[in-house]
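Okay, here's what each chain looks like letter by letter:
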Amino acid sequence: MKKGVNKMRYQIVIAGFGGQGSVFLVKILALCAGNKNVACLGTENHGMSQRGGAVSCTIKLGDYTNPVIDANQADLLIGLEKNEALRNISYLKQDGTLAVNADESFPKEDLKATTIQIDAFSKAKNKEFPIQGLNVYMLGIVLAKCEDFPFTLEDVKEALVQFNPKVAQQNIEVLEKAIADIKG
Amino acid sequence: MKQTLMGNDAIALGMIHSNIDMVSGYPGTPSSEILTNVQKLKKQMNLDLYAQWATNEKVGFEVAYAGAIAGRRAAATMKQVGLNVASDALMSAAYIGNLGAFVLVVADDPGFHSSQTEQDSRVFAKFAKIPVLDPATPQDGYDFVSLAADISEKFQTPTMLRPVMRVCHARQIVEVKEEFEFKPTKGEFKRDIPRWAAVPRAGRLRQGYEMIDRLEAIKEYNWEELIKPEFEACKGGKFLVLCSGTGYGFAKEALDDLGVEADIVKFKMPYPLPAEKIKEQFNNYEKVLVVEEPMPCIEEQILTEKVHGKLDNTMHIIDELQKVYIQDALKKLGLYDKENIYPVIPFKEEIPARPPNLCPGCPHRDVYYSIMKVFKKKKSIYPSDIGCYTLAINQDAIDTVLCMGASVSMASGFSIADPDKYTVATIGDSTFFHGGIPPLINAVYQKHKFLLVILDNSVVAMTGRQQPPQRQNGEVDIAKIAEGCGAKTFEYQYSNDLNNTIDFFKEMKKEYEKAEGPIVAVVREFCVLDKDVVNDHLPGEFSTVIEEKCIACDHCTTVYKCPPMAYNDDDKIEIDPFLCIGCGSCLNVVCPTEAFTLDEERGK
Chain G
5 MKKGVNKMRY QIVIAGFGGQ GSVFLVKILA LCAGNKNVAC LGTENHGMSQ RGGAVSCTIK
65 LGDYTNPVID ANQADLLIGL EKNEALRNIS YLKQDGTLAV NADESFPKED LKATTIQIDA
125 FSKAKNKEFP IQGLNVYMLG IVLAKCEDFP FTLEDVKEAL VQFNPKVAQQ NIEVLEKAIA
185 DIKG
Chain A
878 MKQTLMGNDA IALGMIHSNI DMVSGYPGTP SSEILTNVQK LKKQMNLDLY AQWATNEKVG
938 FEVAYAGAIA GRRAAATMKQ VGLNVASDAL MSAAYIGNLG AFVLVVADDP GFHSSQTEQD
998 SRVFAKFAKI PVLDPATPQD GYDFVSLAAD ISEKFQTPTM LRPVMRVCHA RQIVEVKEEF
1058 EFKPTKGEFK RDIPRWAAVP RAGRLRQGYE MIDRLEAIKE YNWEELIKPE FEACKGGKFL
1118 VLCSGTGYGF AKEALDDLGV EADIVKFKMP YPLPAEKIKE QFNNYEKVLV VEEPMPCIEE
1178 QILTEKVHGK LDNTMHIIDE LQKVYIQDAL KKLGLYDKEN IYPVIPFKEE IPARPPNLCP
1238 GCPHRDVYYS IMKVFKKKKS IYPSDIGCYT LAINQDAIDT VLCMGASVSM ASGFSIADPD
1298 KYTVATIGDS TFFHGGIPPL INAVYQKHKF LLVILDNSVV AMTGRQQPPQ RQNGEVDIAK
1358 IAEGCGAKTF EYQYSNDLNN TIDFFKEMKK EYEKAEGPIV AVVREFCVLD KDVVNDHLPG
1418 EFSTVIEEKC IACDHCTTVY KCPPMAYNDD DKIEIDPFLC IGCGSCLNVV CPTEAFTLDE
1478 ERGK
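Residue numbers (this note's numbering), protein chains in the order written: chain G, 5 to 188; chain A, 878 to 1481.
To be clear, the hints were calculated from the coordinates, so they are not data collected in a lab.
Quick reminder that beta carbons are idealized off the backbone N, C-alpha and C, glycines included.
Some hints here could point you the wrong way.
Part of the chain A face toward chain G, derived, beta carbon under 10 Å [said to hold, decoys possible]:
#, residue
1, M883
2, H990
3, H1046
4, P1106
5, P1220
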């Protein structure tokens, strides 16, 4: 993907629940796309997000005309919580990538997708990173392990700074912590 | 210049860049952020314009419409069910018309994501005989505002912009004007009694004929300016797809995904259509498919034997569009015979639902808990209304939800139909202003006996915390309004000690027994998402569980239902420290075995 940037076509679903910052990730990825002069179109389920309900967002990078991702179409599913990942699994292509925040009970063996798994909740509970940074942490996991992900660490850092220079450093630390954690 | 914008941001910026200088409306998902963004842009760019919420959609429509009569460029914003409320004004305004632009932005919600109904406002525009534009993306949203304003001014008619949720809440990199100087219009009302005050029969009949002529002229414009270039760009295949709005986005992608060749014509203005000219084009094609949502607005206007869509069940007829429905339609038309490329393969086990809940610390929870404790379920009817508090349905504390303000009038009806029960209605402050006052007057007028609880958190919480009247201007007082309607009115300042709330409702029950008409309880609350005030209300009393005392009775997880409360691996309740906000409300009453206790460490 990193070669033919302008012909990029890549579909991402981000699944979580209210308060986890799915929409923030969409904004960051949209900035990454803009910086690379790639069109992007996405959609967010807003209504109940602040009341703890399930939230899913989509972002489609490339020449698309509709923001919805249909079943079996996503290249990447970022699951900020394990049940929300499973709830949205049908959007993911059979050979797509799932990056999921989940403990050992996650039924990885029942899924065809390439699964990248990390128990981010327990790391947050151990105060290894602030829970508010869970979204960025999972993006770090994707950067480290998702082979066809169209953006680099530098692209994401640039977008974080653009979005809010005041808190960018904190976010970059979470990002780098995630990369270090998953690479072991 | 390129900007990453949500559809509603794009529409708001489109308004500014079209010199729209009077905007009014009422919040409702998915439309709310439009007016909020106009307000933000006004502040950021220091613009001279009016951008304010109204008490309901009809009021918002009429404020803006008068502006357009007086020559200003005006817009009203609302969601589709809001247009039902404003429809009285719309139907007449369609006859009378306007001088300055009048853009009516109505956001639809195919798929019932946050709405009671799945109505198609394009069909409403057709019913009212006004033109409607249907954007497919945030970029269209930005571009079409200016087109709608120009059409409205050129033809002197209210013009609708109908984005759906997937436009309002889509995000896209949008090309917007770089250099722009905002030029508001100075309004001047010019007296024209036969026009602005046309009365039945002669005045309105004359305007009715004018409206027919106007529609013919708009059809001609639609053909020449918007549709003809689309047909001219067609390659000349055998299969034609007609669409508007998101129908275009879905159809284009599905045809590409499936490798089916077709000419696609996107109607920017799906009503009024020059039907005969469009039908002439069908001679070049074998089959025509219409892709639109949620209702067959285009299809009904251009129907011939070649046309397929919702009316002959080729396309789906309810719920949000999906590409698989287009694939199915192509199969039915014999244009696709390969495998289903959109198979839904869910996880083998059912995933537990995660419904939205009242927030941790929300005062509504305590109020509903207390109401149910005092006015027992078996002996009571609980009509409710539209707002965050509708989520108390999770606690079974709500029996009916109809439309804005209906809790009050339905309480009247239930009190007549089933007088042996207590009727306890609940309504939020903004919903009370919106539609609760006329039915309260009616109840006093007709001596309907019920308790109306007005949950006053002084914010329109569900739609993004817009400011209701009493917040922006303290002279409006709900208790005085209720008293002024003639209802015996009580006030209660919410306290995080549940004992106090329960005692208040016990008092209300005594009053109920004595009452001969409606009684009103105004509960002064706050919203935990309301950053300006929340810190004044939260005591920082975090709760924890004494495990030995927890008998796993389910009371807190099924009746009180505060989100941080859940069973741990040992089948004891545990408070999720990420979710608890320290309201302290569960420390009293909630647990029958008093297992909740103050977490001394965390409080510090």
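To see whether the hints hold, each was checked on the structure:
no.	hint	result
1	M883	8 Å, holds
2	H990	6 Å, holds
3	H1046	5 Å, holds
4	P1106	18 Å, violated
5	P1220	6 Å, holds
Of the numbered hints listed earlier, the single one contradicted by the structure is hint 4.
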